[in-house]
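Here the sequence shown is numbered in the working numbering, starting from 9 and rising by one per residue.
Wrong hints could be hidden among the right ones.
[What the hints assert, rightly or not] Ranges between beta-carbon positions, derived for each pair:
(1) Asn128 with Leu21: 54 to 62 Å
(2) Leu47 with Leu224: 33 to 41 Å
(3) Leu108 with Gly83: 27 to 35 Å
(4) Leu114 with Leu182: 30 to 38 Å
(5) Ser127 with Leu47: 43 to 51 Å
(6) Ala25 with Pro125: 50 to 58 Å
(7) Ala115 with Ser199: 30 to 38 Å
(8) Arg179 with Leu209: 15 to 23 Å
(9) Ala25 with Phe229: 17 to 25 Å
(10) Arg168 with Lys94: 34 to 42 Å
(11) Phe205 with Leu129: 31 to 39 Å
(12) Ala134 with Arg97: 25 to 33 Å
(13) Val64 with Ser127: 32 to 40 Å
(14) Val116 with Ser199: 41 to 49 Å
[Stated by the list, open to error] Listed below are the simulated SDA-like cross-link pairs for lysine to any residue, each with C-alpha atoms no more than 20 Å apart in a straight line:
(15) Lys228 with Gly175
(16) Lys228 with Leu213
(17) Lys94 with Ile174
(18) Lys178 with Leu144
(19) Lys94 with Ala112
(20) Lys94 with Leu144
(21) Lys228 with Leu121
(22) Lys228 with Ile190
(23) Lys228 with Leu144
(24) Lys228 with Ser146
(25) Lys178 with Ser146
(26) Lys228 with Val164
(27) Lys228 with Arg177
(28) Lys94 with Tyr110
(29) Lys94 with Leu104
(30) Lys178 with Ala115
(31) Lys228 with Tyr167
(32) Lys228 with Asp165
(33) Lys94 with Ala111
(34) Lys94 with Leu65
(35) Lys178 with Arg135
(36) Lys94 with Leu40
(37) Lys178 with Gly142
(38) Lys178 with Arg162
(39) Lys178 with Glu130
(40) Lys94 with Val39
Since the hints were derived computationally from the structure, they do not count as laboratory data.
Quick reminder that beta carbons are idealized off the backbone N, C-alpha and C, glycines included.
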Amino acid sequence: MAAKEEQYGSGPLFRAAGVVYGVMVGGALLVLANALVVLMPLLAGLVGPGALVGFVLVGPSVVASCYAFNRLLAGEDTGVFHDFVKAYRGNFGQALAVWLPYAALLAVIAANLASLPGSNLEAVAARIGLVGLGLLVSTAALHAMLLLARFDFRTVDIYRLSIYSIGVRKRVALGNVGILFITGFVLISSSVWLMLFAAGLLVYLLCMNSRPLLALVEEKFTVSVAASAAGSLAGSAPVD
9 MAAKEEQYGS
19 GPLFRAAGVV
29 YGVMVGGALL
39 VLANALVVLM
49 PLLAGLVGPG
59 ALVGFVLVGP
69 SVVASCYAFN
79 RLLAGEDTGV
89 FHDFVKAYRG
99 NFGQALAVWL
109 PYAALLAVIA
119 ANLASLPGSN
129 LEAVAARIGL
139 VGLGLLVSTA
149 ALHAMLLLAR
159 FDFRTVDIYR
169 LSIYSIGVRK
179 RVALGNVGIL
189 FITGFVLISS
199 SVWLMLFAAG
209 LLVYLLCMNS
219 RPLLALVEEK
229 FTVSVAASAA
239 GSLAGSAPVD
C-alpha cells in the first residue's frame, strides 16, 4: 500500500519558518502599538513628564501579543496580524483597567530606585530589594496579561489569579522572572533600543514558558461548555 503523501507546507521546516515569521510580525505590531514609548526620549523634550503617558498603552498591546502568540503556539492562529488586531480591539478597556495599577506600582518602584543616594551597604541592599519587588510586580502583571488574553474573567479575578499563579506554579513564575531579569540585564548592558528587535521574541518566550500555568487555570477555574450544559440539564448547581 502506497504511503500517504505529506501535504505541501506541513513539514517541520515550514512550521518553523511560520513561527519565525509570526514572531517577527507580532514583534513589529508590538513596537508599532507602543510608538509613543519608542519616541519617549524625543517627546520628553517637548512635553516633559507627559511623555510617560505612552506607557498606558503597553498593557493592551501585551495582551494582544499574548493572545496572538498563544494561538500560534497551539497551532490555532488565523494569522498573527489578524489575531493581534482582534485581541487589541476586544480587550482594550479591560486591559487598561488591569494594567494601570501594576504600571503605577512599577513607576513608584522605579522612582525610588532612581532617587536612592550613594553606594553604601544600606543603599545597595535597598536597590536589591526594590529590584526584587519590581520583578515580582512585573511577573504578576505578566500573568494578568496572559490570563486576560486567554480567559473571560472579571478584572478582580484577574488580579487574584495573577498573584495566586505565582505561588501555585513556582517553576513557571521563576522562569518568567529569569527571562525578565536576563532581558533587563542585557538591555542595560547594551542598549535599550535592542528591545525594538527583541520585543516579539521576549513575549513569545514568556508565553511558551507560561503554558502550564494557563493549563492549570483552565483546569481548576473554568468549566467546559459540554459539562456546563450537562449540569444544567441535571439541575446541578455550579461548583465554586
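Hint by hint, here is what the structure shows:
Look at Asn128 against Leu21: about 56 Å separates their beta carbons, and that is inside 54 to 62 Å. Checked against the hint of 33 to 41 Å, the C-beta distance between Leu47 and Leu224 comes to roughly 39 Å, which is consistent with it. As the Cβ distance of Leu108 to Gly83 is approximately 33 Å, the hint placing it in 27 to 35 Å holds. For Leu114 and Leu182, the hinted distance range of 30 to 38 Å is not satisfied, since their beta carbons lie about 20 Å from each other.
Range check, Ser127 to Leu47: about 33 Å between beta-carbon atoms, so the 43 to 51 Å window is missed. One distance hint, 50 to 58 Å for the beta-carbon pair Ala25 and Pro125, holds here, with the actual separation near 52 Å. One distance hint, 30 to 38 Å for the beta-carbon pair Ala115 and Ser199, is violated here, with the actual separation near 22 Å. With their beta carbons about 21 Å apart, Arg179 and Leu209 fall inside the hinted range of 15 to 23 Å.
The supplied range of 17 to 25 Å is broken by Ala25 and Phe229, whose beta-carbon atoms lie about 36 Å from each other. At roughly 26 Å, the beta-carbon separation of Arg168 and Lys94 lies outside the given 34 to 42 Å, and the hint is violated. Judged by the Cβ atoms, the range 31 to 39 Å given for Phe205 and Leu129 holds: they are separated by roughly 38 Å. As the Cβ distance of Ala134 to Arg97 is approximately 42 Å, the hint placing it in 25 to 33 Å is violated.
Checking the proposed 32 to 40 Å range against Val64 and Ser127 shows it holds: the Cβ atoms sit about 34 Å from each other. Checked against the hint of 41 to 49 Å, the pair Val116 and Ser199 fails, with Cβ atoms roughly 26 Å apart. At most 20 Å may separate the alpha-carbon atoms for a hinted pair to count; Lys228 and Gly175 meet this at roughly 15 Å. With a CA separation close to 24 Å, the supplied pair Lys228 and Leu213 exceeds the 20 Å bound.
Of the supplied pair hints, the one linking Lys94 and Ile174 is violated, its CA atoms being roughly 28 Å apart against a limit of 20 Å. Distance restraint check for Lys178 and Leu144: the Cα-Cα separation of roughly 12 Å lies within the 20 Å cut-off, and the hinted pair is therefore satisfied. Only pairs whose Cα atoms come within 20 Å are accepted, and Lys94 paired with Ala112 is rejected, the gap being roughly 27 Å. Pair hint Lys94 plus Leu144 does not hold up; C-alpha atoms about 29 Å apart against a cutoff of 20 Å.
Taking the CA atoms of Lys228 and Leu121, the gap is near 38 Å; set against the 20 Å cutoff, the hint is violated. Taken as a hint, the Lys228 and Ile190 pair is broken in the structure, with Cα atoms around 31 Å apart against an allowance of 20 Å. Restraint check: the Cα-Cα separation between Lys228 and Leu144 comes to about 23 Å, which exceeds 20 Å; the hinted pair is violated. Between Lys228 and Ser146 the CA atoms are separated by roughly 24 Å; this puts the pair beyond 20 Å, and the hint is violated.
A hinted pair counts as satisfied when its Cα atoms are at most 20 Å apart, and Lys178 with Ser146 qualifies at roughly 15 Å. Simply put, Lys228 and Val164 have alpha-carbon atoms about 17 Å apart, close enough for the 20 Å limit, and the pair holds. Straight-line distance between C-alpha atoms of Lys228 and Arg177 comes to about 13 Å, which keeps the hinted pair within the 20 Å bound. Among the hinted pairs, Lys94 with Tyr110 is inconsistent with the structure: their alpha-carbon atoms are about 24 Å apart, more than 20 Å.
The hinted pair formed by Lys94 and Leu104 meets the criterion: a straight-line CA distance of about 16 Å does not exceed 20 Å. Between the alpha carbons of Lys178 and Ala115 the distance comes to roughly 25 Å, so the proposed pair goes past 20 Å and is violated. For a cut-off of 20 Å, the pair hint linking Lys228 to Tyr167 stands: about 16 Å separates their Cα positions. Simply put, Lys228 and Asp165 have alpha-carbon atoms about 13 Å apart, close enough for the 20 Å limit, and the pair holds.
Of the supplied pair hints, the one linking Lys94 and Ala111 is violated, its CA atoms being roughly 23 Å apart against a limit of 20 Å. For a cut-off of 20 Å, the pair hint linking Lys94 to Leu65 stands: about 16 Å separates their Cα positions. For the given pair, Lys178 sits about 24 Å from Arg135 by alpha-carbon distance, which is inconsistent with the 20 Å threshold. Proposed proximity of Lys94 and Leu40 is supported: the alpha carbons are some 16 Å apart, at most 20 Å.
At roughly 17 Å between alpha-carbon atoms, Lys178 and Gly142 fall within 20 Å of each other, so this suggested pair holds. The suggested pairing of Lys178 with Arg162 is violated, with an alpha-carbon distance near 24 Å, which exceeds 20 Å. For the proposed pair Lys178 and Glu130, the alpha carbon gap of about 29 Å is over 20 Å, so the pair is violated. Restraint check: the Cα-Cα separation between Lys94 and Val39 comes to about 17 Å, which is no more than 20 Å; the hinted pair holds.
Violation of the numbered hints given earlier is confined to hints 4, 5, 7, 9, 10, 12, 14, 16, 17, 19, 20, 21, 22, 23, 24, 28, 30, 33, 35, 38, 39; the remaining hints are satisfied by the structure.
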